[in-house]
Amino acid sequence: MNQAIITLLTDFGTRDHYVGVMKGVILSICSDCRIFDLSHGIEKHNIQEGAFFLLNAIKYYPKNTIHLVVIDPGVGSDRRAILIQSQNFFFIGPDNGVLSLAAKSDGVEKVVEISNRDFYLNPISDTFHGRDIFAPVAAHLAKIGAVDTFGKSVNTWTQFEFPKVKMSETEITAYVIHIDRFGNLITNLSKELFEGYWRSQPSVLDIEINNKARKIPMCSSYSQVRKGEILSIFGSGNFLEISGNQASASDLLSAKIRAEVKIKLSKH
Amino acid sequence: MNQAIITLLTDFGTRDHYVGVMKGVILSICSDCRIFDLSHGIEKHNIQEGAFFLLNAIKYYPKNTIHLVVIDPGVGSDRRAILIQSQNFFFIGPDNGVLSLAAKSDGVEKVVEISNRDFYLNPISDTFHGRDIFAPVAAHLAKIGAVDTFGKSVNTWTQFEFPKVKMSETEITAYVIHIDRFGNLITNLSKELFEGYWRSQPSVLDIEINNKARKIPMCSSYSQVRKGEILSIFGSGNFLEISGNQASASDLLSAKIRAEVKIKLSKH
Amino acid sequence: MNQAIITLLTDFGTRDHYVGVMKGVILSICSDCRIFDLSHGIEKHNIQEGAFFLLNAIKYYPKNTIHLVVIDPGVGSDRRAILIQSQNFFFIGPDNGVLSLAAKSDGVEKVVEISNRDFYLNPISDTFHGRDIFAPVAAHLAKIGAVDTFGKSVNTWTQFEFPKVKMSETEITAYVIHIDRFGNLITNLSKELFEGYWRSQPSVLDIEINNKARKIPMCSSYSQVRKGEILSIFGSGNFLEISGNQASASDLLSAKIRAEVKIKLSKH
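Taken in sequence, the protein lines are chains U, X and Z.
Heads up: the first sequence is residues 0 to 267, going by numbering that gives the first Met the number 0.
Heads up: the second sequence is residues 0 to 267, going by numbering that gives the first Met the number 0.
Heads up: the third sequence is residues 0 to 267, going by numbering that gives the first Met the number 0.
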């Protein structure tokens with residue numbers, strides 16, 4: 000496992016030195032590791048956003064990539080640190096659910112509770128396990144490759160689920176789970192779920208956001224509406240997005256994260 | 000072309016996972032590619048800013064660097080994807096002009112319309128060609144090195160030009176094309192153009208910004224005026240800047256991007 | 000010194016192309032250098048913040064790492080450029096104190112004034128020495144490894160000190176020297192100083208911030224208080240922090256950088 004790839008996903012931001020410190024710890028242990036940032040801009044302590052980013056990103060990385068995630072509101076409590084081996088990847092992070100969607104999407108093979116202190120920095124703080132536990136474990140894993148070295152297998156670990164899409168005979172209720180830099184409102188409604196529901200795909204959706212009903216064209220690219228107009232589309236992660244062509248749907252609709260998106264079925 | 004260098008310039012920001020995903024795609028195809036960020040902070044859809052950054056950055060990179068640019072308001076429309084071979088570099092991006100200033104500054108040798116779907120991800124989305132087309136093409140180019148593999152040469156492609164500097168017998172009219180983190184107002188007036196205009200370089204410029212006239216000393220370093228004071232200077236990219244010594248000229252002058260900067264000649 | 004590691008710490012932000020340009024300069028000279036970002040989010044011209052980040056980060060990097068720092072309000076003035084060899088590292092930057100705390104913490108062996116123009120870019124600007132002097136010197140040092148090549152040793156160079164903690168028989172007066180993304184108020188009171196002062200560590204501190212007295216529990220992890228509550232703790236850098244459990248102490252206390260933190264001793 001030479002020139003191992005480690006990705007980092009944290010809520011540390013890039014203004015502070017915390018991410019730079021974690022990279023130093025990794026390089027001091029595994030000098031030829033290659034380190035890539037998935038994002039450090041996760042909203043503070045937001046496990047849902049971290050889980051969503053990770054789910055969307057991992058499959059584009061090479062086999063054996065080590066995905067290191069530190070979104071860790073419970074640092075210093077008795078929450079466990081875990082290491083997951085899935086079919087293609089390794090995941091390291093706190094056992095608070097942030098790893099679960101991505102790991103399960105790849106097929107979980109083994110979950111280990113990280114407990115072997117031989118691989119921690121010494122001393123360890125109770126406020127920065129990213130530096131003292133997760134980064135050194137990732138670097139040692141890159142060299143060793145065997146997850147059993149780090150602790151014992153566990154059968155139960157924390158699962159995270161997106162809020163459920165609700166479906167009735169007259170409407171689907173979905174939720175905005177992420178708003179990206181472009182103001183795209185990304186919902187939890189997957190293309191798969193949507194296509195199982197409709198007999199034939201509608202060309203216009205009757206959508207209610209913020210208690211206001213609108214007819215929004217269903218498109219396959221942004222450019223199918225005029226600049227500044229709103230559309231609905233299955234985005235690059237195959238979730239339904241409410242978007243604007245070169246405009247922010249979030250601004251146009253005053254819609255925020257966790258907003259309810261109702262899709263009425265009656266008219267079609 | 001081992002250990003090829005690929006630079007990334009996008010308007011994706013670093014908060015979302017989009018840039019991390021593109022890096023994964025590149026590494027999955029070209030495992031030993033080295034990837035460097037030029038910037039991901041381009042204003043959304045701002046082709047001028049992207050063109051300016053690229054023009055200023057490329058010449059500092061080693062020969063054969065692949066510059067991958069995704070500022071792509073027309074994604075999913077019929078705008079073309081292009082690959083440019085210039086004297087020292089390769090450029091990949093949408094055919095919307097964002098590549099043209101930089102590529103021409105290095106001497107364009109060949110422009111190819113990217114059309115060979117063998118090098119795309121499969122399936123491709125209509126919303127994220129950075130991931131599905133541009134990143135994989137860059138990674139394959141790093142391995143193959145021959146631009147003809149990706150499509151046919153084209154003779155016409157989209158050119159971008161900065162707004163023109165206007166020159167009369169009594170004044171020069173330039174425009175603020177970028178404001179950096181320090182509040183420096185960077186104009187489109189190049190040192191070359193300026194020096195062709197004046198017989199001898201003035202020590203003070205009569206400058207009108209926001210309809211207000213000011214005398215601003217012409218300096219060769221920030222420290223030639225007192226802390227907090229305004230100066231004019233040819234910056235690191237050889238464009239005229241209105242700057243402050245340890246102060247933001249943008250704040251001091253309430254000047255914004257695209258502001259008109261008039262330089263009066265009569266008094267000298 | 001193959002595959003040398005160079006870290007970058009600047010106040011350039013990541014929106015502009017400046018950091019990307021510096022990386023290009025380094026790669027053009029030292030093609031196999033590995034470059035890592037400590038941070039580019041230092042407040043503009045804030046030498047104290049840069050010194051603090053550097054002090055906290057360097058010891059986690061491998062021996063022989065070259066730490067390149069460009070927080071340089073005096074660029075273009077007669078401030079010197081220096082190169083420091085310490086026991087384990089190299090430091091390159093302006094002689095304004097930003098390097099001094101970190102270099103001294105590692106044991107300074109030699110300080111060289113950078114003056115050999117053979118290693119500068121040509122021409123050099125007076126506004127961007129990060130690109131024209133510091134980056135090329137770092138890259139050449141990575142190849143050469145001998146600091147004497149770059150100029151003559153100097154005996155005097157600029158020292159930076161944090162504001163002093165004041166201690167009387169009845170109170171300690173410390174200062175907030177950094178507020179991180181989580182709103183933690185990091186003070187200049189080190190654990191070492193604190194422990195030399197108290198006979199036995201108190202369980203609650205009588206703290207006065209913004210002229211308001213509070214009793215704040217002294218904890219070893221955030222989770223020892225309820226979510227949203229305030230605590231005091233020695234953080235990952237061993238300085239006293241006023242923090243919130245999953246909440247911003249900065250917001251809760253309306254405390255800003257440089258705020259005075261008084262710790263009363265009488266009650267214990």
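Simulated from the structure, these hints should not be mistaken for lab results.
Only a predicted model underlies this, so the values are computations on that prediction, with no experimental measurement involved.
Hints may be right or wrong, so weigh each one.
It does not matter which identical chain is used: a pair holds within one copy or between any two.
Simulated pairs of lysine-lysine, DSS-like, Cα-Cα distance not exceeding 27 Å [said to hold, decoys possible]:
1) 58 - 263
2) 43 - 255
3) 62 - 142
4) 43 - 226
5) 261 - 214
6) 142 - 109
7) 165 - 62
8) 263 - 62
Hints and how they fare:
Taking identical chains as interchangeable, the C-alpha atoms of residue 58 and residue 263 are never at most 27 Å apart, the minima being 33 Å within one chain and 55 Å between chains. Within a single copy, residue 43 and residue 255 get their C-alpha atoms as close as 17 Å, and across copies as close as 19 Å, so both meet the 27 Å cut-off. Taking the shortest alpha-carbon separations for residue 62 and residue 142, both the intra-copy value of 15 Å and the inter-copy value of 19 Å come in at or below 27 Å. Proximity of residue 43 and residue 226 under a CA criterion of 27 Å is satisfied inter-copy only: 14 Å between copies versus 33 Å inside one chain copy.
Taking the closest pair of Cα atoms, residue 261 and residue 214 come within 27 Å of each other only inside a single copy of the chain (12 Å); across copies the shortest separation is 48 Å, beyond that limit. Proximity of residue 142 to residue 109 under the C-alpha cut-off of 27 Å is restricted to the intra-copy arrangement: shortest distance 19 Å within a copy versus 35 Å between copies. Taking the shortest Cα distances, residue 165 and residue 62 never come within 27 Å of each other, neither inside one copy (35 Å) nor across copies (55 Å). With identical chains, the CA atoms of residue 263 and residue 62 are never at most 27 Å apart, being 42 Å at best within one copy and 56 Å at best between copies.
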